[in-house]
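Enquirer: Sequence:
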Amino acid sequence: MRPRPRRWPGRTAGRRSWCARTCSGGRGSCWPTREEDAVIDQKAGELGRLLGQSDEYKALVRASERMKEDATCRQLLAEVERIAQDIERATQEGREPPKDQVEQYDRALQSVQANPVYQQVVAAQANFEKLMAKVNARIYEGMKQGAASPIITLG
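Quick note: to get the numbering used here, add 54 to the position in the sequence shown (first position is 1).
Quick caveat, the hints were computed from the structure, so don't treat them as lab data. Treat the hints with caution; some may be incorrect.
What the hints assert, rightly or not - 25 angstroms max Cα-Cα, derived DSS-like pairs, lysine-lysine:
| hint | residue 1 | residue 2 |
| --- | --- | --- |
| 1 | K184 | K198 |
| 2 | K112 | K184 |
| 3 | K153 | K97 |
| 4 | K122 | K112 |
| 5 | K112 | K97 |
| 6 | K97 | K198 |
| 7 | K198 | K188 |
| 8 | K97 | K184 |
| 9 | K198 | K122 |
Computed from a predicted model, the values in this text were never measured in an experiment.
All chains should be built: construct the whole structure from the sequences, respecting the hints.
Expert: Written out as structure tokens, the structure reads:
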């Protein structure tokens, strides 16, 4: 008589199905992840936490919240979006958008860009993007150094 296959919690299909749902974040492996992966994951989490605490990120969040709360800015952005959709629809239908509609779009866009609340968001985004460019450049430099080094270091 053959032994019955072992039943894993919550499933009757065997170990693979149970592992796919529960082990290693659902990646389907019950074996520990490589040590390098754990270190990279830890460092990425730490970097994210530090970026979240940066003045640039905090300024971006504040500016975005102000824009969401500003009725005038929301109205201007909605108008730009509505006109842009009309122009896009005409283009998709193979029609040339009316000249007055394009001019109306340009005026609406200028109004949005002149709005001080919107300008604060754009400035905050630019500052945060500069920070991220520096971070990405530093990561790239570290990758080049790591690829050139025959010594493996973790931590």
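Enquirer: Enumerate the violated hints, using their earlier numbering and listing them in ascending order.
Expert: 3 and 9
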